[in-house]
Structure formats: C-alpha cells, structure tokens
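Participant: Heads up: the sequence lines are chains A and B, in that order.
Going by the working numbering, 292 is the number at position 263 of the first sequence; the sequence numbering is gapless.
Going by the working numbering, 409 is the number at position 106 of the second sequence; the sequence numbering is gapless.
A couple of the hints might just be wrong.
Think about it this way: if two alpha-carbon atoms lie no more than 20 Å apart in a straight line, the pair counts; the simulated EDC-like pairs of lysine to aspartate or glutamate are [as the list claims (entries may be wrong)]:
1) B:LYS417 with A:GLU239
2) B:LYS344 with A:GLU97
3) A:LYS134 with B:ASP368
4) A:LYS200 with B:ASP455
5) B:LYS417 with A:GLU51
6) B:LYS364 with A:GLU239
7) A:LYS307 with B:GLU386
8) A:LYS307 with B:GLU440
9) A:LYS200 with B:ASP355
10) A:LYS343 with B:GLU381
11) B:LYS344 with A:GLU239
12) B:LYS344 with A:GLU51
13) B:LYS417 with A:ASP54
Computed far set for chain A versus chain B, every beta-carbon distance over 12 Å [as the list claims (entries may be wrong)]:
14) ARG100
15) GLU151
16) PRO157
17) LEU347
Worth flagging that the hints you see were computed from the coordinates, not collected in a lab.
All C-beta atoms, glycine included, are put in the ideal place defined by N, C-alpha and C.
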Amino acid sequence: MKHSLFAIALLLAASRPATAQEMADRIVINGYSNFEFSKQLSKDGLGDKNGSFDADQFDLVFNITVSERVRVAADLSWEHGTATEDGRGNQALEYGFVEYALSDKLKLRFGKMFTPFGVFNEIHTAKPAFLTVKEAASLNKNDRIVDGGYLFYPRWGAGIAAHGDGVLGGKDISYDVLVANGEQEEANPFEEDENTSKSLTARVRVDATENIRVGYSFYRDRLSSATFTTLQSHGFEAELNFTSVRVLGEVAFGSLGHRFGKAQRQVGWYIQPSYHLKNGWTPYLRFEKINPDRDISGMGGRDFIVGVNIELSKNFQLKIENNDFRGGAKSSLAKFKGKGYHELKAALVLGF
Amino acid sequence: MGPRTFRLLSWAFALLVGLAVAAPYTMAQGVDRSLRVVVNKENKLASLSTDDLNRIFLGKKTLWDSGVRIVPAMPEEESPAGETFLSGTLKKSVSQFRAYWKRLLFSGGGAVPKVFRNSSQLIDFVARNPGAIAVVETGGDEDRVRVIEISD
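Chain A extracted, bound-state conformation:
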C-alpha cells in the first residue's frame, strides 16, 4: 500500500509540469493598452479645449483551444480607467464566442461578436492593430465629425456566425456571415430580440495578389423602432500593401428607412496612404468624409489627418497626429465655416 501511494505521488509529481505545459500550450493570453492625449489647437471648435489624458483602454485577449475543433476567443475590456464604485469608465466583454471548426472552409461561431463589416469595426478597440490614433470615424463613429448621421451597422452582435477561408480561382478568399439580434431600442441586444427579424451581416474578402486585397460587406436589419423600418448598408474595401507603401480605402453606403417619409441615404469614405520607413517610423495621411444625408447638401463633414506612427520597441508605438475637421453649411461644423478646427491627438499603444 505504502509503495502504491509512493508510486502515485511520484506519478502526480511527474505529471504536474506536463499539465502546466499543456495548459500553457492551449491557453494563450494576449492584450493591449492605449493611453491617449488630445488637445484642440484652434481657438474655436468642438474638440478637447483643455487637453486631456485618457487611460483609454486595457484589454486582455484570450485564445483557448478546448479541443482539436473547438476554440474560445474573448476580449475583456477596461475602458477609461474603470472604477465601478464611482460609476466611472466602462467594463465590457468586447467579444466572447465559441468556435467549432468543421473545416477551414466552415467554422461556426456562437456568442457575442464584433459585426464583421469593413476593416475597422472588428479592431476598433485594438489600437495596436492600426496606424492612426482612432479608427476611421466616417465609417465607424461618424458623430465625431458631424451630427445627424447613423451607424452603418451596430458594432456588436449576439448570434451565430460562419467564417471560412478557402481558395477560389487560385486566389485566397475569406468570408463571414453573422445572423444576430440586431440593434434594439429597449432590450439588451445580446440577450433578447425585440422583433422576429434577425440582422444579417456578410463580408467576403479576396487576396487578389500578395499585395492587394479587396472586400465587400453587407448589413441588413428590420428595426423595431417606432420611427425607423430598416437599416441596410453596403461597404467596399481595398488595401494595397507593399513593403513600404500601404494604402487603405473604404466606402460605405447606408439607407435608413423611415416609417413616414423617405429613407435617409448616408455615405462615408476614407483613403489612408502611409509610408513605412526602415527605422520604424510610418508617416500617414487619412482623408475621410461623411455625408449623413445625400439628399440634403451641406450636411457633410470631413477629417483630414496628418500623422506619424513610431515603433518605439516591439509592438509599442507612439502615434501623433493633427486632425483637421471641416463641415458644410448645414453641418454641426458650420459655425467654424471656412476654417474648421484642428485637434492634436497622441497615443502610446502597446500590444502584448
């Protein structure tokens, strides 16, 4: 008996490091943090007049291999220095889903996900994943530029998705389809649907060459609102990615159906060229425009960004940029007619 216990103890002792190693191989934890500063440079404007530091984001990203075909992905986010006791900041599950891989061409996902529309939405919290301080507002947060617009799609969805990678006509393609509750007026959209209709998002991307990728996204939902009936958007993206020169561009068209009157047709677009220098400096420009109602002239606005992204060390970046906001005669920026306003934005970003 004593010998058996000793043998079991030895076995357990021997197996402990192996289990820890196996766990380490199966559970991967990454994350990112973003610390920002913004200051309006013009005398008048809608920017940050005092100049503020923002402990913007601290996220942990989990990749857990449960079995050969099952994976869990989650992003836990603490935003603006979360302190729940004081009701400050925001704590969120940005996404948390289970993926069951039938094959590389068909992976089913269940849970809360970023809506797979265009380039920026799925990475809009992950600042290390793009060059600029903020994502393209024209497509993802147009109220940063003008009033009167709407989101082309809700940023998150709870539902069932399919993702796949494959080869078609000798070219690598990928697709995403998400069926979700859609945006809600009252209910928690990640828990309950206020109407019988589900939202549908679809995206397809083609790697045309080693350096060029193009894509198309679609979103449609019937809304439960007393004012609006449907939201439908189309998005087109293109990315040219050469060793030094990179150009990213997107355009999205939206149509928000009203119960009484015409649908509000919105368009947003941007183009973002950049040049990657060998010393880790990447100067960039982004010109973006949003017109919240194509049937009314002068409602639109734009942001012209000139900036530089400096890689201080591996995955640690400093971003500095000037945002030049200007708007049409009927936009929220009209009061700064002809001059707009300038705002400095800077960020220290770490991906780990």
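Starting from the known structure of chain A, fit chain B onto it as the hints suggest.
Facilitator: Here is chain B on its own, set in the frame of chain A:
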C-alpha cells in the same frame, strides 16, 4: 459626396476588382535552404505545398486533414532565420507580418504562431505537440521530429 466623387470612387473600386480578377496570384515558392520545416512524428504528412505553408502561418489553414489542430511555430521574427522565412517564403516584412497578425489576433481570428529563441526550443515544442509545425534552422537535432518536404 457629389456625383463626381461618387463616380470616381466607383471607378477606383471597379478597377481594383478588375485587378483582383485578372491578376495572377503568385505566392512565394519554397523555403530557404538554411531552413527546414518539421512536424510531430505522429503526423503522417510527407510533403506540403508552399501555398499551404503560407496559409498555415497566416492563420488561414488551421486543421490538418486528420482533423488535428495545426499549431505553427517559428524563430523570432527579427532573428536571421525568422527574417529569412518571412521575407523568403511569406513575402512579408517583419512589420507587415506583425500588422497582419495584430489585426487577426485582436479581432478574435486566432492565435499568433508561437515564437521561440532557437531551433532546440522549436524542436522540443514540435516533439510534444501532435499538431505542431515549425520552421527551424538546418542542422539541429531533428531526430525527435519529422522533416517534411515543401513542394512548389
């Protein structure tokens, strides 16, 4: 957006789509002679195409035909072996490779290939993981793993 800008954007996108359809897709061919691709001894695979090797290290191919999950591993990106693999086979610079993976990782698309300091650590990792595949420098202790051929 005026009708002129709209037309211009439409044409620009149509041009890119045209390029996408017409352009021949030429991925990298082969692996530099200074490198070997190794898999776990349980893996019966004899060879792998360069395109599939690329897809594995870009997170597009994640399952072996047997259904076992693929776990890619490689030398540190900025080491000579890492850079040789990235630029020679994946046709990506270190910054392009990192940018690509940051987007995929942080959007929930999968885990970044594991990175090790030397071939001995890479071989240890492959030897204990049935689904692992790694790029290692030629001349290491390859007895505990299987070297596979990379075909064009």
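Participant: Is LYS344 of chain B within 20 Å of GLU97 of chain A, Cα to Cα?
Facilitator: holds (18 Å)
Participant: Minimum C-beta separation from LEU347 of chain A to chain B exceeding 12 Å: can you confirm that?
Facilitator: holds (15 Å)
Participant: Is it true that the CA of LYS344 of chain B sits at most 20 Å from the CA of GLU51 of chain A?
Facilitator: holds (18 Å)
Participant: Has the given pair, LYS307 of chain A with GLU386 of chain B, been kept, meaning a C-alpha gap of at most 20 Å?
Facilitator: holds (14 Å)
Participant: Taking 20 Å as the top limit, are the C-alpha atoms of LYS200 of chain A and ASP455 of chain B close enough?
Facilitator: Judged against 20 Å, a Cα distance of about 16 Å means the pair holds.
Participant: Compare the distance between the alpha carbons of LYS364 of chain B and GLU239 of chain A with 20 Å, and conclude whether the hinted pair is satisfied.
Facilitator: Given pair LYS364 of chain B, GLU239 of chain A holds - Cα atoms ~17 Å apart, limit 20 Å.
Participant: Given the proposed pairing of LYS417 of chain B with GLU239 of chain A, does the C-alpha separation stay at or below 20 Å?
Facilitator: Measuring from Cα to Cα gives roughly 23 Å; hence the hint is violated.
Participant: Do the alpha carbons of LYS344 of chain B and GLU239 of chain A lie within 20 Å of each other, as the hint requires?
Facilitator: Violated: LYS344 of chain B and GLU239 of chain A sit about 32 Å apart, past 20 Å.
Participant: Against the 20 Å threshold, does the CA-CA distance of LYS307 of chain A and GLU440 of chain B hold or violate the hint?
Facilitator: Distance of about 26 Å is beyond 20 Å: violated.
Participant: If you draw a straight line from the CA of LYS134 of chain A to the CA of ASP368 of chain B, is it 20 Å or shorter?
Facilitator: Distance of about 12 Å is within 20 Å: holds.
Participant: Quickly compare the C-alpha distance for LYS417 of chain B and ASP54 of chain A to 20 Å and report which way the hint goes.
Facilitator: Holds, because 9 Å separates the two Cα atoms, which is no more than 20 Å.
Participant: May I ask you to check that ARG100 of chain A keeps its beta-carbon over 12 Å from the closest beta-carbon of chain B?
Facilitator: Label violated. Min Cβ-Cβ 8 Å, cutoff 12 Å.
Checked against the numbered hints listed earlier, the structure breaks hints 1, 8, 11, 14, 15 and 16; every other hint is satisfied.
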